[in-house]
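A.B. asks: Chain by chain, the residues run as shown.
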Amino acid sequence: MNFWEYLGNRHQQLLVDTYQHASVVFQCMVAATVIGVLIAVVTYRSDWAGNLATTTTSTLLTVPSLAMIGLLIPVVGLGVPPTVIALTLYGLLPIVRNAIVGLRGVDPALVDAATGIGMSRTARLTRVELPLAWPPILTGIRVSTQMLMGIAAIAAYASGPGLGNLIFRGIASLGSSNALNQVLAGTLLIVLLALLFDAGYVLIGRLTISRGIRA
Amino acid sequence: MPEPPDPGTPGAPGASRDATGTTGTTGTTGTTGATIELESLTKRYPGTPQPAVDNVDMEIRAGETVILVGPSGCGKSTTLKMINRLIEPSGGRIRIGGEDVTDMDPVRLRRQVGYAIQSSGLFPHMTVAQNIALVPKMLRWPAARVRARVEEMLDLVGLDPGEFHGRYPRRLSGGQQQRVGVARALAADPPVLLMDEPFGAVDPITRDHLQDELIRLQHELHKTIVFVTHDFDEAIKLGDRIAVLRERSHIAQFDTPEAILTNPADDFVSGFVGAGAALKRLNLTRVRDVGITDYPTVTVDDPLERIFDLLRSSGSHEILLLDRRRRPYKWLRRGDLMRAKGSLARAGTLVSDTVTRDATLRDALEAVLTDSSGRVAVTGGRGAYEGVVDVETLMNSVHELMEADRLEAMEAQHELEGHRAGRTHAEQEGAGGVADT
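From first to last, the protein sequence lines are chains A and B.
Each residue of the first sequence is one higher than the one before, counting from 0 in numbering that gives the first Met the number 0.
Each residue of the second sequence is one higher than the one before, counting from 0 in numbering that gives the first Met the number 0.
To be clear, the hints were calculated from the coordinates, so they are not data collected in a lab.
Treat each hint with caution, since some may be false.
[Unchecked claim] One-sided and incomplete, this derived list gives chain B residues near chain A with beta-carbon spacing under 8 Å:
| no. | residue |
| --- | --- |
| 1 | R43 |
| 2 | Y44 |
| 3 | N83 |
| 4 | L85 |
| 5 | I86 |
| 6 | R109 |
| 7 | Y114 |
| 8 | S118 |
| 9 | G120 |
| 10 | P123 |
| 11 | H124 |
| 12 | G161 |
| 13 | F163 |
| 14 | R326 |
| 15 | R345 |
| 16 | L349 |
Ideal Cβ placement from N, Cα and C applies to all residues, glycine included.
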């Protein structure tokens, strides 16, 4: 069976895996964005807190993904939970770091002006600081997503969802007729998904970054 | 010629060029200025032995423009920022319009106090209209009123609403940004406007325009303005009264520009005033205060015969040709029309420079001196012709000014000596002595 015949025969299964892969990455990204921006908002004003947040999240990233999932299995079991937890943790670093850098990079004169014209702390954050820090935050989200696309494949090790299953199956049965096709299909679909997500982010950037600060 | 109030009693009534105070609701906006009283205002930062601002007492009258001026690091900005409590005072009271605002919710306070800063502080991700609408929206004005107000404010600061409404700040020049910054600060019609070196980051020519604009605005609005700058010339130009501050915001002198220029309180003030006090004096008088002479004028629509008649009949050997909107267009001399064979388009010399009624004598003198014939046309609203000033008029008024200043200084000196003589006399004669001056 050549690669195209394989795709044709298994398209049902492939679509399900692709959908699950995209879905888990998307949901973890939403969680990582919310948590990451919150961490940044809480910590960016203080030097040590901001640095602590960046250091912690970057330490998390140095844990090998296989080990991370392996360590989570005894705690939360197999399947979706370890996958989601691991992906969310990995996704944090670029977002937290970019959000802190972005929030700290807002011109102090503008913060002063916002306070001076009578904005409350919340208004200042939501109407001035976050919109101005949004472009770097969005870049962080993009980088995170690219990363999670690859890491999500490892989730199959903990019988998680996604295209990783295809790759793992292929590797396990190396030498059999479909092994190479499976690995190839899994990999290509992950790359394709990553490109689609990236295109999505470009669109989101167009829609959400004010024309006044777009490069 | 306003009389300078006694230095040291800043609350003395009168004496301000513009002390219209709470009177009248002129122009487009209703709220005029409120008084500001600072009472032993102090700011102490932890870990520093000396306070940054030490015991400042100041009374600012309603509708007055007060300039805080001093060397960098003297605490003038800190003092200003304590008025809207961007910096919380460590001691003392602040009263605005009689109300103690020292313990008021700072967010509520700041919405009632306009605030304009250096390099405009416009939010780059919002359009001009959104920037201006911020404070009215926070005060929950109805949408229609906010919209109308934005147009009104743009118009007020001399920007065409249709053109600038939807623009982002980065597509504006520095001067335009600063105008929008002022419009935003005034949008909710606050009685008080705080300005922190607002024109510090624009080029000198634009700064000059913006200063003129602010003077015009203040003529219309009568807000209470507190303005921080390190540029003494700017202080002279804009201020009804100037507070010269030394380190820790100690007031070295708080008086009218005239009084500070002619009668600096001490060496620190005279050092700060710098050389050329006499020339700076020119910045204090405006063209509107000196005689503007009327000039024979014709418009481009007048028939040629009338122009010839006027050239012949008027005593002057020159007349001013106005364009259709009554703006000065050309100087026509006798014979110019002849040489140009009756063509207005070719005759005469184009008017190269005009000054407004609000221009300072210094600007007018500059314009007159660069003009080959030693006169310059004065224009009013929309550049329309109002009259002409020439070099003699200007020199005469300069002489008068200098003379008046000298007399005043002598009087002040006299009074002081008389006072001292009286006191010595009284001391010598016992309690019954009468001072003779």
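A.B. asks: Would you mind marking each hint as holding or not holding in the structure?
C.D. replies: How the hints compare with the structure:
| no. | hint | result |
| --- | --- | --- |
| 1 | R43 | 21 Å, violated |
| 2 | Y44 | 17 Å, violated |
| 3 | N83 | 6 Å, holds |
| 4 | L85 | 6 Å, holds |
| 5 | I86 | 10 Å, violated |
| 6 | R109 | 4 Å, holds |
| 7 | Y114 | 4 Å, holds |
| 8 | S118 | 7 Å, holds |
| 9 | G120 | 3 Å, holds |
| 10 | P123 | 5 Å, holds |
| 11 | H124 | 4 Å, holds |
| 12 | G161 | 19 Å, violated |
| 13 | F163 | 13 Å, violated |
| 14 | R326 | 36 Å, violated |
| 15 | R345 | 48 Å, violated |
| 16 | L349 | 40 Å, violated |
The structure does not agree with the numbered hints 1, 2, 5, 12, 13, 14, 15, 16 stated previously, though it agrees with the rest.
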